[in-house]
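Given the coordinates of chain D, assemble chain Y onto it according to the supplied hints.
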Amino acid sequence: MNPVEQSMIENEQTLTLFGHDPVWLSIIKVVGVFALLVILVLFTIWLERRVVSWMQQRIGPNRVGPQGLLQSLMDGFKLAFKEEIFPTAADKMVYILAPILSCVPAYMAWAVIPLGPEVSMFGVSTPLQVTDFPVALLYMFAIASMGIYGIVLAGWASGSTYPLLGGLRSSAQMISYEIAMGLSFVGVFLFAGTMSTSGIVNGQIDLWFGLMLIPSFVIYTIAMVGETNRAPFDLPEAESELVGGFHTEYSTMKFALFFLAEYINMLTVSAIATTLFLGGWRAPWPISLWDGANEGWFPIIWFLAKMFIFVFIFIWLRGTLPRYRYDQFMRFGWKVLIPASIAWILILAVIRTLDVEGTWSHTALIAIGCGVIFMLILFFVRSRVGKKERKKFVDEHPIERDYKPFAGGHPVPPLPGQHHVPVTRKSNVIEGTTEEVNEEVRGG
Amino acid sequence: MTPTPISAAPEAAVAMGGPFLFWVCAIIAVAGAVGMLVSRKAVHSALFVVMTMISIAVLYISLNAPFLGMVQVIVYTGAIMMLFVFVMMIVGVDASDSLVETLKGQRWLALGTAFAFAALLIIAISNGFGSIAPTGSIEAANAQYGGNVQGLAHLIFTRYVVAFEVTSALLIVAALGAMMLTFRERFAPKVSQEEMSIERFKRDKHPGNLPGAGTYARHNAVDTPALLPDGSVAHESVPNALIDRGSERAVNRADVDEVRTISEGFDYVDGDSVQLDEEEGQ
Chain D
50 MNPVEQSMIE
60 NEQTLTLFGH
70 DPVWLSIIKV
80 VGVFALLVIL
90 VLFTIWLERR
100 VVSWMQQRIG
110 PNRVGPQGLL
120 QSLMDGFKLA
130 FKEEIFPTAA
140 DKMVYILAPI
150 LSCVPAYMAW
160 AVIPLGPEVS
170 MFGVSTPLQV
180 TDFPVALLYM
190 FAIASMGIYG
200 IVLAGWASGS
210 TYPLLGGLRS
220 SAQMISYEIA
230 MGLSFVGVFL
240 FAGTMSTSGI
250 VNGQIDLWFG
260 LMLIPSFVIY
270 TIAMVGETNR
280 APFDLPEAES
290 ELVGGFHTEY
300 STMKFALFFL
310 AEYINMLTVS
320 AIATTLFLGG
330 WRAPWPISLW
340 DGANEGWFPI
350 IWFLAKMFIF
360 VFIFIWLRGT
370 LPRYRYDQFM
380 RFGWKVLIPA
390 SIAWILILAV
400 IRTLDVEGTW
410 SHTALIAIGC
420 GVIFMLILFF
430 VRSRVGKKER
440 KKFVDEHPIE
450 RDYKPFAGGH
460 PVPPLPGQHH
470 VPVTRKSNVI
480 EGTTEEVNEE
490 VRGG
Chain Y
60 MTPTPISAAP
70 EAAVAMGGPF
80 LFWVCAIIAV
90 AGAVGMLVSR
100 KAVHSALFVV
110 MTMISIAVLY
120 ISLNAPFLGM
130 VQVIVYTGAI
140 MMLFVFVMMI
150 VGVDASDSLV
160 ETLKGQRWLA
170 LGTAFAFAAL
180 LIIAISNGFG
190 SIAPTGSIEA
200 ANAQYGGNVQ
210 GLAHLIFTRY
220 VVAFEVTSAL
230 LIVAALGAMM
240 LTFRERFAPK
250 VSQEEMSIER
260 FKRDKHPGNL
270 PGAGTYARHN
280 AVDTPALLPD
290 GSVAHESVPN
300 ALIDRGSERA
310 VNRADVDEVR
320 TISEGFDYVD
330 GDSVQLDEEE
340 GQ
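Protein sequences appear in the order of chains D and Y.
If you read the first sequence in the working numbering, its first letter stands for residue 50, the second for the next number, and so on.
If you read the second sequence in the working numbering, its first letter stands for residue 60, the second for the next number, and so on.
If you're looking for bench data, these hints aren't it; they were derived computationally from the structure.
Just so you know, not all the hints are guaranteed correct.
[Unchecked claim] Listed below are the simulated SDA-like cross-link pairs for lysine to any residue, each with C-alpha atoms no more than 20 angstroms apart in a straight line: (1) D/141 <-> Y/107; (2) Y/100 <-> Y/146; (3) Y/100 <-> Y/142; (4) Y/249 <-> D/112; (5) Y/264 <-> D/467; (6) D/127 <-> D/112; (7) Y/261 <-> D/467; (8) D/453 <-> Y/300; (9) D/141 <-> Y/100; (10) D/141 <-> Y/101; (11) D/453 <-> Y/304; (12) D/440 <-> Y/243; (13) D/384 <-> Y/167; (14) D/440 <-> Y/304; (15) Y/100 <-> Y/139; (16) D/384 <-> Y/251; (17) D/436 <-> Y/142; (18) Y/100 <-> D/142; (19) D/384 <-> Y/249; (20) Y/249 <-> D/141; (21) Y/249 <-> D/127; (22) Y/100 <-> D/143; (23) D/141 <-> D/384; (24) D/440 <-> Y/261.
Small disclaimer: the values here were computed from a predicted structure and weren't measured.
Pulled out of the complex, with its shape left as it was, chain D reads as follows (with noise of 0.2 angstroms):
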């Protein structure tokens, strides 16, 4: 049996923890992630408006309870005490839907995020994870395309146009950058031959997968960032051009629910991260010298502050960044983040399969040799074909320089190439160019 194969068995092993738990015990572990999420969401946003304002110089809120802890808490109580507001041409069904579709997801991608190992609830032995299967990341995936659906269609339903560009904008951005972030998954699929979250987190007992396949990790927290709608990439909302983009129309408890869902996406990537690449709840390394680290409840403040260090990073960046173009943002994921993540897909899988047959050999490396030489000559003749097509091109259309403002009768702009023709103003106006305007205004 190959190690592959072994460490497969193992790991459909550790699933077997799963599935067991009687169902008040299921129920209280649904209702305690639900909690904990709340908390942690009341607590995130709290993090970050101080963290920018100590980034910005500022104080930020302070007057709510202890260093102005409870302040999201009160901002939830008087979102849900507004006055509801229905746009006129809004699609009242789908309106009031997006919100529920983009919230319930955020919550059902924690159903299968370890956050500790076994422990002992009211007598009764479980893993700290509502439960795990063999496609535990495929799930999230999946779960994460839902939520993409409330977002799109709070534009759509909004009846009104900047929530409309918005949609636009963010159906388009996060399925691009899912490629990227699902590519950047296969490198750890390879590695630790399993899709389950706590598989994963036990094939990183030796070494992190975030220090082994560091091209995946970098690629994942660009991809996790451009898909939680967050800055700098948080052009679905970007107030300068969309006004709040897809949530413009909205307001009250439907708004509350945006504000929730995207800070628990944003928690959630965090937590994969952290779960992928990061050893999840396992401590780190001068901790786990001490034996009981990794026992008992304690790994959930190692899972935490992990997540958190993540959490830090996304307001960071927000305190710190610029908003991209949409162009260049879609360029970069098109043709930088998912090419790179391809190839690096391929060394790994060739590292792999070198790793599990157990030796180099000479076919593989005369193969791959051939797959380098026949890469290089397919560069070298398309950059030389793309360079003569250009020239060719660009020889048989030459510009017509002269610009005529009404060409075709209608009013025209200059094309590329062309230049505006000297001014022509009516006899009223005062000749001249403005210099010599200004002069005469001057002098007169």
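Here is chain Y on its own, set in the frame of chain D:
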């Protein structure tokens, strides 16, 4: 005994959640399909399809095919239906379907095809009921390679590798074809932001924003040139396109004089007060 749909709902469903789950998902799926047909707005139809697809995905999962279920949600609801919604949003909220039939005899053709499809379905399903000879349970297939995902991987990358690759090649060709069809040729090489910025500073002009039309003027129309604080006329404030067509509005000499008088007056007052202060200080 002829198996009813409940017992035909495979044993795996019983193991995961029983016929209860099957019936809930089946009802939702059918309701979604019907809703798709009867709803008037295209986006509503798309949402009903999403509903159907998700309940089918749940059924797959309950039948011990979790990978298929998840891929169903990711690919069909997450990507394909999202693209549909995307297109509908571009088309617009108020866009209503044209009721003029452009294809001749389309209704009769559709009706005929529908009957043919129904016949096909009925024959297939009744055949299925007639000969229930399970060729092997999914549990056995899953167990063969250590799990559902592993089993699928073995099949896709060994037995069906050619079919899989050909399908993906087909999709890539289709995508490339779509890109070629919508490709727009450029008149000249695209200017990058960096080049634009360099170009801007090379020109012997002020690199900053142009003065807005109507600044210090008596009109804020876009064809009225701005007056600068010293009363001079800023022709740059009028869009080039308007200047090219000779539509730049005349500057009223009285306005120019007024602005200059005001600005000079302020200068005078300022200078005066400064002088007064200095005198008092002395």
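Against the structure, the hints come out as follows:
The suggested pairing of residue 141 of chain D with residue 107 of chain Y holds, with an alpha-carbon distance near 16 angstroms, which does not exceed 20 angstroms. Restraint check for residue 100 of chain Y and residue 146 of chain Y: satisfied, since their Cα atoms lie roughly 13 angstroms apart, inside the 20 angstroms limit. A distance of roughly 16 angstroms separates the Cα atoms of residue 100 of chain Y and residue 142 of chain Y; the hinted pair therefore holds under the 20 angstroms criterion. At most 20 angstroms may separate the alpha-carbon atoms for a hinted pair to count; residue 249 of chain Y and residue 112 of chain D exceed this at roughly 53 angstroms.
This hinted pair checks out: residue 264 of chain Y and residue 467 of chain D have alpha carbons roughly 19 angstroms apart, not beyond 20 angstroms. Taking the CA atoms of residue 127 of chain D and residue 112 of chain D, the gap is about 16 angstroms. The hint holds against a cut of 20 angstroms. In summary, the hint linking residue 261 of chain Y to residue 467 of chain D is supported, as the alpha carbons are separated by about 18 angstroms, within the 20 angstroms threshold. About 11 angstroms separates the Cα atoms of residue 453 of chain D and residue 300 of chain Y, which keeps this hinted pair within 20 angstroms; it holds.
Among the hinted pairs, residue 141 of chain D with residue 100 of chain Y is consistent with the structure: their alpha-carbon atoms are about 13 angstroms apart, no more than 20 angstroms. A C-alpha spacing of about 15 angstroms is found between residue 141 of chain D and residue 101 of chain Y, which places the hinted pair at or below 20 angstroms, so the restraint holds. A C-alpha spacing of about 10 angstroms is found between residue 453 of chain D and residue 304 of chain Y, which places the hinted pair at or below 20 angstroms, so the restraint holds. Restraint check for residue 440 of chain D and residue 243 of chain Y: the C-alpha separation of about 18 angstroms stays at or below 20 angstroms, so the hint holds.
Straight-line distance between C-alpha atoms of residue 384 of chain D and residue 167 of chain Y comes to about 47 angstroms, which puts the hinted pair past the 20 angstroms bound. As the CA atoms of residue 440 of chain D and residue 304 of chain Y are separated by approximately 35 angstroms, the hinted pair breaks the 20 angstroms bound. Between residue 100 of chain Y and residue 139 of chain Y, the direct Cα distance comes to roughly 18 angstroms. Compliance with the 20 angstroms bound is thereby established for this hinted pair. A hinted pair counts as satisfied when its Cα atoms are at most 20 angstroms apart, and residue 384 of chain D with residue 251 of chain Y qualifies at roughly 16 angstroms.
This hinted pair does not check out: residue 436 of chain D and residue 142 of chain Y have alpha carbons roughly 35 angstroms apart, beyond 20 angstroms. With a C-alpha separation of about 12 angstroms, the suggested pairing of residue 100 of chain Y with residue 142 of chain D holds against the 20 angstroms cut-off. Restraint check for residue 384 of chain D and residue 249 of chain Y: satisfied, since their Cα atoms lie roughly 16 angstroms apart, inside the 20 angstroms limit. The straight-line distance between the Cα atoms of residue 249 of chain Y and residue 141 of chain D is roughly 44 angstroms, outside the 20 angstroms bound, and the hint therefore fails.
Between residue 249 of chain Y and residue 127 of chain D, the direct Cα distance comes to roughly 50 angstroms. Violation of the 20 angstroms bound is thereby established for this hinted pair. Between residue 100 of chain Y and residue 143 of chain D the CA atoms are separated by roughly 11 angstroms; this keeps the pair inside 20 angstroms, and the hint holds. Simply put, residue 141 of chain D and residue 384 of chain D have alpha-carbon atoms about 39 angstroms apart, too far for the 20 angstroms limit, and the pair is violated. For the hint pairing residue 440 of chain D with residue 261 of chain Y, the CA-to-CA distance comes to about 27 angstroms; that exceeds 20 angstroms, so the pair is violated.
Consistency with the previously given hints fails for numbers 4, 13, 14, 17, 20, 21, 23 and 24, ordered from lowest to highest.
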